[in-house]
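Heads up, the sequence shown is in the working numbering, so the first residue is 65 and it goes up one at a time.
Treat the hints as calculated values from the structure; they're not laboratory data.
Note that the structure is a prediction, hence the values are computed from the model and not measured.
Every residue, glycine too, gets a C-beta built ideally from N, C-alpha and C.
One or more hints might be untrue.
[Claimed, not checked] Between beta-carbon pairs, the in silico distance windows are:
| # | residue 1 | residue 2 | range |
| --- | --- | --- | --- |
| 1 | ALA124 | TYR66 | 44 to 52 Å |
| 2 | GLY101 | TYR66 | 44 to 52 Å |
| 3 | ASP85 | ASP105 | 32 to 40 Å |
| 4 | TYR66 | LEU109 | 18 to 26 Å |
| 5 | TYR66 | ILE106 | 16 to 24 Å |
| 6 | TYR66 | ASP102 | 36 to 44 Å |
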Amino acid sequence: MYSVPELADTPEPLYGDANHDGMVSADDYASIQIHFGDTGDIGILGDANWDGVVSADDYAAVGTR
């Protein structure tokens with residue numbers, strides 16, 4: 065008999081949530097400022113629009129929420 069491990073539910077990314085705390089707030093602007101210019105995997109800290117780059121577009125993503 066085989067056992068299949070259960071996968072934990074992973075929350076969907078929240079557009080505009082740059083600091084990954086589950087909500088969009090003024091704190092997200094601070095995360096963008098700290099990580100501005102960083103690049104990497106989609107969803108890095110500061111990446112509010114989930115494109116892998118922390119840029120001015122992320123400020124806009126927070127502002128639309």
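Hints versus structure:
1. ALA124 <-> TYR66: 44 to 52 Å: holds (48 Å)
2. GLY101 <-> TYR66: 44 to 52 Å: Given about 47 Å between the Cβ atoms, the range holds.
3. ASP85 <-> ASP105: 32 to 40 Å: violated (19 Å)
4. TYR66 <-> LEU109: 18 to 26 Å: For TYR66 and LEU109 the Cβ distance comes to about 38 Å; the hint is violated.
5. TYR66 <-> ILE106: 16 to 24 Å: Between TYR66 and ILE106, where Cβ atoms are some 33 Å apart, the hint is violated.
6. TYR66 <-> ASP102: 36 to 44 Å: For TYR66 and ASP102 the Cβ distance comes to about 42 Å; the hint holds.
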